[in-house]
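Letter by letter, the chains look like this.
2 protein chains.
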Amino acid sequence: MAINTKVQADHNAPPITRMLAEFAIQHPSQGWDQAVEDQAHRTLANWLGCAIGASSHDSVQAALAAAQVLDPAPQAALMGRTERVDMANAALINGISSHTFDFDDTHLKTIIHPAGPIASALLPLAERLGSSGRAVIDALVIGVEVSCRVGNCMYPHHYDRGWHITGTTGMIGAAAACSRLLGLTVDQTQMALGIAASQPVGLREQFGSMTKPFHPGAAAKNGLMSALLAQKGFTASKRALEAPRGLIQAISDKHDWAEITEGLGTRWEAALNTYKPFACGIVIHPSIDGCVQLRNVHQLQAEDIASVTLKVHSLVIELTGKKTPQLGLEGKFSVYHSCAAGIIYGRAGEHEYADACVQDPRVITLRDKITAVVDDTISEASADVTIQTTDGRTLHVFVEHAIGSLERPMSAEQLKAKFTDQAAAEIGDEKAEAAWSAAMSLAASANIQPLLKAVTR
Amino acid sequence: MAINTKVQADHNAPPITRMLAEFAIQHPSQGWDQAVEDQAHRTLANWLGCAIGASSHDSVQAALAAAQVLDPAPQAALMGRTERVDMANAALINGISSHTFDFDDTHLKTIIHPAGPIASALLPLAERLGSSGRAVIDALVIGVEVSCRVGNCMYPHHYDRGWHITGTTGMIGAAAACSRLLGLTVDQTQMALGIAASQPVGLREQFGSMTKPFHPGAAAKNGLMSALLAQKGFTASKRALEAPRGLIQAISDKHDWAEITEGLGTRWEAALNTYKPFACGIVIHPSIDGCVQLRNVHQLQAEDIASVTLKVHSLVIELTGKKTPQLGLEGKFSVYHSCAAGIIYGRAGEHEYADACVQDPRVITLRDKITAVVDDTISEASADVTIQTTDGRTLHVFVEHAIGSLERPMSAEQLKAKFTDQAAAEIGDEKAEAAWSAAMSLAASANIQPLLKAVTR
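Read top to bottom, the protein sequences are chains H and R.
Using this note's numbering, the letters of the first sequence correspond one by one to residues 1 to 457.
Using this note's numbering, the letters of the second sequence correspond one by one to residues 1 to 457.
Think of the hints as simulated: they come from the structure by calculation, not from any bench.
Wrong hints could be hidden among the right ones.
Because identical chains share one entry, a pair is satisfied inside a single copy or across any pair of copies.
Claimed, not checked - The calculated lysine-lysine pairs, modelled on BS3-like cross-linking and capped at a C-alpha distance of 27 Å, are:
no., residue 1, residue 2
1, Lys322, Lys431
2, Lys369, Lys311
3, Lys369, Lys322
4, Lys323, Lys238
5, Lys322, Lys238
6, Lys416, Lys453
7, Lys311, Lys323
8, Lys311, Lys322
9, Lys109, Lys232
Use the sequences and the hints to build the structure in full.
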C-alpha cells in the first residue's frame with residue numbers, strides 16, 4: 001500500500017476549457033491547408049473501413065444486444081449492419097466496431113486512436129441533423145485536434161499510469177466536434193467540454209478484452225451526450241479541464257499546457273494521423289515489418305527458421321509481451337504471435353488474428369522460436385530483427401520507421417486496399433467501392449446520405 | 001509542470017474483482033442483521049425523498065430534454081414526474097435528481113453518497129423485470145456495500161486527488177446491484193464489474209454546477225449498462241479493479257485491499273449510512289448545527305449578531321470556502337452562507353439554498369460577519385462556534401457530532417419529516433405518505449408497483 005495523500009496542484013493553468021471552446025466554434029470552416037484536409041478524409045475512410053470490417057464481431061453483437069434491451073428509436077445507422085438504434089447507442093456501437101480489430105488510426109505522439117471517439121459521435125448526429133459533408137469534415141478536424149492536444153498535454157505520465165488515452169481524451173474531442181456540428185455557442189461548448197471532462201473512459205488493463213474497443217465507443221457516446229446536455233442548458237465547471245481538481249490534473253501528474261495552447265489553429269496535430277497496415281498495437285509494427293521484409297527478400301518458409309531475435313524498446317514487451325496467447329484478441333498483444341504470422345503469411349491483417357490462426361500449431365511452433373530482447377537505445381518506432389535459418393544463415397534488418405508511419409505512409413492505393421479488404425467481406429465489392437468514394441470526397445457532399453447508403457446493408 | 005512518469009505498481013493484490021462478484025451473487029438474501037435491513041429501507045426512503053424533491057429542478061429538466069432528443073422508449077418511471085424514458089436514461093435522470101439538492105445520504109468514512117448510483121440504477125431495472133421488493137432491498141445492500149468498500153480502499157488519496165468518489169465508486173456498486181437483480185452468474189458479474197471499472201465519473205472541480213449531481217446519475221447508468229452488456233456476453237479484464245493498470249491503482253496512490261476483503265459479508269459498511277438534516281455538503285453540518293443551537297437557545301435574530309467565529313478542520317474551508325456565492329447551488333459550498341441561513345431561519349433545507357435566499361441582502365449582511373478559522377486539531381465531524389452579540393455577549397458551543405451523524409442519527413420522525421417536506425411539494429401529501437410507507441416496507445412488497453404509483457405524477 002503506497003500512500004501519497006497530497007498531490008501538488010497547479011493553480012496557474014491557462015483557461016484551457018475556454019480556449020478549446022472558442023477554437024471549436026470560431027475556427028473557420030476549412031481553416032487549414034490541403035494536407036490537413038486530405039488527412040481528414042483519410043482518417044474518416046480508414047475509420048469507416050475498420051467499423052465495417054468488425055461489424056459482425058461478437059463485441060458488436062453483444063453491445064447491440066444490450067442496447068436493444070432499451071428498445072432504442074431507429075435514429076441512426078450502424079456501419080455494416082441493417083439495424084438502427086438511437087444516436088447515443090449508434091455512437092457507442094460504431095466506436096466499438098471501429099476499434100475491435102485494433103486496425104484503426106494512430107496519432108503516434110500519444111498512441112491515441114483519434115477517429116474512434118470523434119467520427120463515431122459525428123456520423124449519427126450528422127445523419128439526424130442532415131449536416132453537409134463539409135460540416136462533418138470541419139467538425140472531425142476540430143475534434144481530432146482537441147483530443148490529440150489534450151493527449152499531448154498529459155502524455156506519457158497519463159498513459160504510464162494505466163489510462164487508455166484514446167478513451168480518456170476522446171470524450172473531450174467528441175464533445176468539441178458535436179458542439180461544432182450542433183452549432184452551439186462558445187459558452188455552451190465550454191459547458192459541453194466540462195460535462196465531458198467528468199467522463200473519461202478507459203484502462204490499459206482492459207487490453208485484450210472487448211472493453212478495450214468499448215473505450216472509444218463510450219467516449220463517443222459521452223461526448224455526443226455532453227454536447228446535447230449543454231445545448232439543453234446543463235452546466236459544468238468553466239475550468240473543468242485545467243483546474244487543480246479538473247480532469248487533467250486528476251488524471252495525470254504531467255500537464256504541459258503549452259501543448260494545448262501553442263499554435264492552436266495554425267499548427268495541426270490532425271495532420272499527423274497515421275493508419276495501421278497491421279491489425280494490432282502500433283508498437284509491434286516495426287518488428288512485423290522487419291520479419292515480413294526478411295521473409296519476402298529471402299523467400300522464407302516457417303520451416304526454414306531456427307530462431308528469430310528481436311531487439312526492441314521496453315514498451316514493446318510491456319504492451320505486447322504475451323508469450324502464449326490463446327485467443328485472437330490476445331494475439332494482438334503478442335509480438336511473438338504477430339511476427340510468426342507475419343513470417344508465415346506475409347501480412348498481419350485480421351485473418352492473422354483469428355482464433356484459428358493464434359491456435360494453429362504451425363504458427364505456435366514458429367512463435368516459440370522468437371525471442372525479444374529489450375534495448376532502450378532503440379526507439380519505440382524501430383526494431384532490429386535477426387533471423388537464423390536452419391541452414392545456418394544469419395539474416396538481419398534494422399527497421400527505423402515501419403510502413404504506415406509518418407515517415408513511410410501507406411500510399412492511397414494501399415489505404416484503399418486495406419479498406420476494401422475489410423469492407424467488401426461485410427457489404428460486398430460494389431458498396432465498398434461506393435463507400436470509399438463517398439468517404440474520400442465527403443467535404444463536397446451535400447449530406448452524408450450517399451455515404452450511409454453505401455455503408456449499411 | 002510536474003513530471004512523474006513512473007508509478008509504483010502493486011502486483012500482489014488479491015482477486016478483488018472476483019471476490020466482489022462472488023459476494024454480489026452468492027451472498028444469501030437478507031444475509032445480515034436487522035440493523036442493516038432497517039438502514040437499507042432508510043437509505044431507499046431518503047433517496048426517494050431527495051429524487052422527488054428535486055424533480056422539477058433545472059438540472060432534471062435539462063437532462064430530460066437531452067434524453068428526449070434520443071426519442072427514448074417509455075420503459076421506466078422518473079421520480080416525481082409524468083414522463084417515462086428508457087431504463088438507462090431513467091437511471092441517469094433519477095440519479096441527477098437525487099443529488100441535485102445535495103441532501104442525500106452519506107457514508108461518512110468516505111463522503112460517498114451511496115444511494116444515488118445504486119438505487120437510481122435499480123429502480124428502472126426492477127420495474128422492467130417485475131422484481132420483488134425483497135430482491136431490490138437485497139441488491140441495494142449489496143451495491144452500497146461494494147461501493148463503500150471500494151471507496152474505503154482508496155480514501156483519502158483518491159478524493160484528495162480531485163475525484164468525486166460517489167461517481168468513481170458508484171458505477172461498480174451499481175453494476176454489482178444490477179447483476180444481482182438480473183440474476184447474472186458470478187462470471188458474468190465479474191465482467192460487469194470489469195466493464196464498469198473503465199467508466200468512473202466525476203471530478204470535485206464540478207462542485208457547484210449541475211455536473212456534480214450528474215456524477216451519481218451517470219454512475220447509475222454506467223453500472224446498469226455494464227450489467228446488461230455482461231449479460232449479453234461482453235467481456236472485460238478479470239482483474240479490472242485490482243490489476244496494476246486497473247481502476248484502483250490508476251485512480252489512487254492509496255489502495256488498502258483489506259478494506260475490501262476483510263469481513264466481507266459479515267461486517268457491513270451498508271449499516272453505516274447517514275442522512276443529511278441540511279441540504280449541503282456534510283462537512284458544514286457541525287457548523288450549521290452549532291449556529292442553529294445557539295440561535296435557538298438564545299433566541300437570536302440576525303440583527304443581534306456582531307460576529308460569528310467558526311473553528312473548523314481545513315477540509316471545511318477547502319470544500320465549502322466560497323465567500324461570496326451568487327447562486328443557490330454555490331451556496332451549498334459556502335460555510336458562510338449556510339451558517340447565516342441557519343441563524344436566520346433555524347434550518348438549512350432546500351429553501352435556504354434557493355437563489356433568492358443566497359441573494360437576500362439580510363443573509364448577505366450576516367454572512368459577511370462570519371469568519372472561519374482553520375484548526376486541524378478539530379475533527380472534520382466537529383465545529384467550534386462562537387457568536388459575539390451586538391450587546392456584548394459571547395456565546396459558545398462545541399459540536400462534537402452534528403445532528404444526522406452516526407452518533408446523533410435523525411429519528412424516524414425526523415427522517416419522515418424531511419421526506420415529506422421534499423416530496424409533498426412535488427407530488428402532494430397523499431402520495432408522499434403512500435411513497436414513504438411503500439419505501440419503508442419495500443422488502444415485504446411483491447413488486448415495486450405500489451411504490452412507483454405513489455412517486456410519479
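Status of each hint after checking the structure:
1. In this assembly of identical chains, the alpha carbons of lysine 322 and lysine 431 never lie at most 27 Å apart, being 38 Å within a copy and 60 Å across copies at closest.
2. Taking identical chains as interchangeable, the C-alpha atoms of lysine 369 and lysine 311 lie at most 27 Å apart only when both belong to the same chain, with a minimum of 14 Å there against 70 Å between chains.
3. In this assembly of identical chains, lysine 369 and lysine 322 lie within 27 Å of each other by CA distance solely inside one copy; the values are 14 Å within and 65 Å between copies.
4. In this assembly of identical chains, the alpha carbons of lysine 323 and lysine 238 lie at most 27 Å apart only when taken from different copies (19 Å versus 47 Å within one copy).
5. Within a single copy, lysine 322 and lysine 238 get their C-alpha atoms only as close as 43 Å, which misses the 27 Å cut-off; across copies the closest is 16 Å, which meets it.
6. Proximity of lysine 416 to lysine 453 under the C-alpha cut-off of 27 Å is restricted to the intra-copy arrangement: shortest distance 19 Å within a copy versus 58 Å between copies.
7. Proximity of lysine 311 to lysine 323 under the C-alpha cut-off of 27 Å is restricted to the intra-copy arrangement: shortest distance 16 Å within a copy versus 60 Å between copies.
8. In this assembly of identical chains, lysine 311 and lysine 322 lie within 27 Å of each other by CA distance solely inside one copy; the values are 16 Å within and 57 Å between copies.
9. For the homomeric pair lysine 109 and lysine 232, neither the shortest alpha-carbon distance inside one copy (36 Å) nor that between copies (36 Å) is at most 27 Å.
When held up to the earlier numbered hints, the structure conflicts with 1 and 9 and fits the remainder.
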